[in-house]
Amino acid sequence: MSTIPRVSSGVVGEPAHFGSVLAHQPEIAESFFALYGRFWGSDVLAARIKEVARMRNARVTECGFCRNVRFDKALAQGLGEEVVDDITDGYETSARLTDAEKAALKFTDALIHDPELLTGDARAALQRHLTPAQIAELGLGVTLFLALAKALITMGLEPEQMDRTVLPTPAVLEAAE
Amino acid sequence: MSAVCAALAADPVLAEHYAEFSAKTEAALDPALVALVRAAVVAVHGMGSAPDESALDEGTRTVLAYAQRMPFEHTAITDAEAAAVVAHLGEAGFVAFSVLAALADAECRAEQVGLAELAGAA
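Protein sequence lines, in the order shown, are assigned to chains A and B.
Residue numbers for the first sequence, in our numbering: 1 to 177.
Residue numbers for the second sequence, in our numbering: 1001 to 1122.
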């Protein structure tokens, strides 16, 4: 896995990172940030569960950038580091993760790793803990988390070193609506 | 329609945003290449036939070989492989292609997990 950018920044004076590289394609960037803001702004599925799924994806896809970013909305909903530490193999036995979060994690693993993980009891648990609308939002989120992590990694945008960084949760810009 | 769009049927605004993102990504590349990349990724997942590469130029074959590594080998792609794709598509094209290939992979996975059915849309 390369930490040397494979594409230059599209913003003069800025180093290559996801946002500056995406600037090579402003229409893709605009539509992505509008979508991502809308996704995180929706409260159909709690930001904490979305962040739990994002953290799991970061670990499985080996996205160091994703793994070190925290969104503040999920933090405000109680997603502390002691909970994040449990989002690893064996999360099923965690006392800190809720049953709904464990069901969301199983769905996440199934989507990003092996669909066979979501059969029988796991599928029933997902449908017991989340409504169809919440599952739809979770599915959108995991799809985006996975795709963006892979795009970021393959474009060589992984940081060599990065501290844990709390960022404002993506939001819909007023002018975009 | 992708499984993701289908799953979002109950939230037309979010569905529209997703469709717009996907459409803008595809619009940044040649439509024939978009179809080939999507077919190549679908084939890796065993969900369709691999595209016929017999009449394709070497640059396009290089792009497809790269796309085929996205589903299960994304961390093993080398700088040299990426440079070959950049040489064929240019930097802006490489950005759009990277998003497209990764999105195509994720959409296949969403379909395999039965997302639309789980969301009550199938």
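If you're looking for bench data, these hints aren't it; they were derived computationally from the structure.
Since we're looking at a predicted model, the values are computed, not measured.
Beta carbons: idealized from backbone N, C-alpha and C, even for Gly.
A hint or two may mislead.
[As the list claims (entries may be wrong)] Which residues of chain B face chain A? A few of them, derived with a C-beta cut under 7 Å, are:
#1 P1012
#2 L1014
#3 V1113
[As the list claims (entries may be wrong)] Capping the alpha-carbon separation at 16 Å, the derived lysine to aspartate or glutamate pairs in EDC-like fashion look like this:
#4 K1024(B) <-> D86(A)
#5 K106(A) <-> E82(A)
#6 K1024(B) <-> E27(A)
[As the list claims (entries may be wrong)] Which residues of chain B face chain A? A few of them, derived with a C-beta cut under 10 Å, are:
#7 S1002
#8 A1009
#9 Y1018
#10 A1023
#11 A1043
#12 V1044
#13 G1048
#14 R1061
#15 G1090
#16 A1116
#17 L1118
Results of checking the hints against the structure:
no.	hint	in the structure
1	P1012	12 Å, violated
2	L1014	6 Å, holds
3	V1113	5 Å, holds
4	K1024(B) <-> D86(A)	37 Å, violated
5	K106(A) <-> E82(A)	19 Å, violated
6	K1024(B) <-> E27(A)	6 Å, holds
7	S1002	9 Å, holds
8	A1009	8 Å, holds
9	Y1018	6 Å, holds
10	A1023	8 Å, holds
11	A1043	17 Å, violated
12	V1044	13 Å, violated
13	G1048	16 Å, violated
14	R1061	18 Å, violated
15	G1090	9 Å, holds
16	A1116	9 Å, holds
17	L1118	5 Å, holds
Checked against the numbered hints above, the structure violates hints 1, 4, 5, 11, 12, 13 and 14; every other hint is satisfied.
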